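Let's have the full structure, built from the sequences with the hints guiding it.
Those protein sequence lines, which keep their order, are chains B and F. Here the first sequence stands for residues 1 to 317, where the numbers follow the numbering used here. Here the second sequence stands for residues 318 to 427, where the numbers follow the numbering used here.
A few of these clues could be false.
[Unchecked claim] Here are the simulated lysine to any residue pairs, SDA-like style, with alpha carbons at most 20 angstroms apart:
id, chain 1, residue 1, chain 2, residue 2
1, B, 192, F, 408
2, B, 181, B, 246
3, B, 242, B, 287
4, B, 192, F, 406
5, B, 192, F, 407
6, B, 192, F, 402
7, B, 201, F, 402
8, B, 201, F, 414
9, B, 192, F, 405
10, B, 201, F, 415
11, B, 192, F, 410
12, B, 201, F, 418
13, B, 201, F, 424
14, B, 192, F, 403
15, B, 201, F, 421
16, B, 192, F, 413
17, B, 201, F, 417
18, B, 201, F, 410
Quick caveat, the hints were computed from the structure, so don't treat them as lab data. Computed from a predicted structure; not experimentally measured.
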Amino acid sequence: MAGDPYAALGVSKTASDAEIKKAYRKIAKSDHPDLNPDPAAAERFKAASAAYDLLKDPEQRRRFDAGEIDDQGQERPQHRYYRQHAEAAGNPYAQEYGFQGDPDLSDVFEDLFGRRGQGAGQGAFRGYRAGSGGGPREADFSMRGQDHRFQLEVDFLTAAKGGKTRISLPDGGDLEVSIPKGAHEGQTIRLKGKGGPGFGKGAPGDAYLTLSVGQHPDFQREGDDIFVTLPISIDEAILGGKVAVPTIDGPVNLTIPKGATSGQKLRLRGRGVNGGDQQVELKVVMPARPDDELTAFMENWRKSHGYDPRAKTRTGG
Amino acid sequence: MTRIYTEAETIAAIDDLTGERLVTFIRARIVQPVQGEAGQMFRETDVARLQLLCDLSDAYDLPEDSLTMVMSLIDQLNTMRGDMRALMQAVAAENDEVRLRIHTLIRDLR
Numbered sequence: 001m002a003g004d005p006y007a008a009l010g011v012s013k014t015a016s017d018a019e020i021k022k023a024y025r026k027i028a029k030s031d032h033p034d035l036n037p038d039p040a041a042a043e044r045f046k047a048a049s050a051a052y053d054l055l056k057d058p059e060q061r062r063r064f065d066a067g068e069i070d071d072q073g074q075e076r077p078q079h080r081y082y083r084q085h086a087e088a089a090g091n092p093y094a095q096e097y098g099f100q101g102d103p104d105l106s107d108v109f110e111d112l113f114g115r116r117g118q119g120a121g122q123g124a125f126r127g128y129r130a131g132s133g134g135g136p137r138e139a140d141f142s143m144r145g146q147d148h149r150f151q152l153e154v155d156f157l158t159a160a161k162g163g164k165t166r167i168s169l170p171d172g173g174d175l176e177v178s179i180p181k182g183a184h185e186g187q188t189i190r191l192k193g194k195g196g197p198g199f200g201k202g203a204p205g206d207a208y209l210t211l212s213v214g215q216h217p218d219f220q221r222e223g224d225d226i227f228v229t230l231p232i233s234i235d236e237a238i239l240g241g242k243v244a245v246p247t248i249d250g251p252v253n254l255t256i257p258k259g260a261t262s263g264q265k266l267r268l269r270g271r272g273v274n275g276g277d278q279q280v281e282l283k284v285v286m287p288a289r290p291d292d293e294l295t296a297f298m299e300n301w302r303k304s305h306g307y308d309p310r311a312k313t314r315t316g317g
Numbered sequence: 318m319t320r321i322y323t324e325a326e327t328i329a330a331i332d333d334l335t336g337e338r339l340v341t342f343i344r345a346r347i348v349q350p351v352q353g354e355a356g357q358m359f360r361e362t363d364v365a366r367l368q369l370l371c372d373l374s375d376a377y378d379l380p381e382d383s384l385t386m387v388m389s390l391i392d393q394l395n396t397m398r399g400d401m402r403a404l405m406q407a408v409a410a411e412n413d414e415v416r417l418r419i420h421t422l423i424r425d426l427r
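Here is the structure:
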């Protein structure tokens, strides 16, 4: 039965239970398949008995009228979920979501999913046609080449200042690679088209180099800032003065203030990586062996100028 | 090094953010700062998120509950995009045979 059970019985929606029963009996009498050989009559009887089954029960009738169940007495689907449609291939509302314009991944994306947009679902995968045997036919088949991933060791200063280095590839060739200024540990560099060859009209894959940056005996780096520990003599510490300090771009004169002390930090603005700073930590270093003159001076000096640098530490010893 | 912002620093860092707005966003749990000793602390992510929230509320006049929904969608999409990126990178680095199989299957499905 399709449609309206009231129509099947030929009654109005406001018909009483008695009217419904009467209408059904009338149809049963005239159209019962055992009495009436006309196939159309059989259809009318079938529809009428289904309608009567539904409407004779007041609760069922109420639920049908309220739209809770359909004319088959089935629960009406309460809700449609768009996600089912939205996720399906060929959804007319499908949108790109950030890879088509991606400088690194647009090729990979298109290779896997084709171009999205105008008339999705159709013409999306030109260049690929499954043969009748199920597999792709050689001549029409296009696939992008494999991406290759490598580790590349870069020395500290090349990473900090930028520069060129070479990498040897597994196939025997080697490549010159430009390391950008301020390259950091774990950064990847993409060499477009330097991966495996493509199939058919497919482009070659890319090579990705993941950098690991080596250590330096003098410099340490945190982001764009360079850290250096600078040894100074006791006279430089007490009297102050200009001292040459190494930076990644060569030595620079640094003014040590009078009365400098170990652990004191001085900043060289803009001397780090890419406009970062260099931080210099001072470290007062004794002469290799205190000579007699210094010892004698200190003995004398202590008598009247002794001080306790541990005054603020609260250790029991 | 990830910087951590106090409530006052956060409000100062974003032009369109007022204390009142911040309270609304936190109450709606659209932003979830970390609880520090000195009160609520905001990570760089939170600050960037608050900037976006202010932009969205201003540009579209979005009430709080709509904003919650929009941000939920944005979060879902971005999480998926991140996963997708990783997956695509992984696939692209596989050898020809594996990629061919994946390729064929995806084109059958989509």
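Against the structure, the hints:
no. : hint            : in the structure
1   : 192/B <-> 408/F : holds, 17 angstroms
2   : 181/B <-> 246/B : holds, 19 angstroms
3   : 242/B <-> 287/B : holds, 19 angstroms
4   : 192/B <-> 406/F : holds, 14 angstroms
5   : 192/B <-> 407/F : holds, 17 angstroms
6   : 192/B <-> 402/F : holds, 17 angstroms
7   : 201/B <-> 402/F : violated, 24 angstroms
8   : 201/B <-> 414/F : holds, 17 angstroms
9   : 192/B <-> 405/F : holds, 16 angstroms
10  : 201/B <-> 415/F : holds, 19 angstroms
11  : 192/B <-> 410/F : holds, 14 angstroms
12  : 201/B <-> 418/F : holds, 18 angstroms
13  : 201/B <-> 424/F : holds, 17 angstroms
14  : 192/B <-> 403/F : holds, 18 angstroms
15  : 201/B <-> 421/F : holds, 16 angstroms
16  : 192/B <-> 413/F : holds, 18 angstroms
17  : 201/B <-> 417/F : holds, 15 angstroms
18  : 201/B <-> 410/F : holds, 19 angstroms
Checked against the numbered hints listed earlier, the structure breaks hint 7 alone; every other hint is satisfied.
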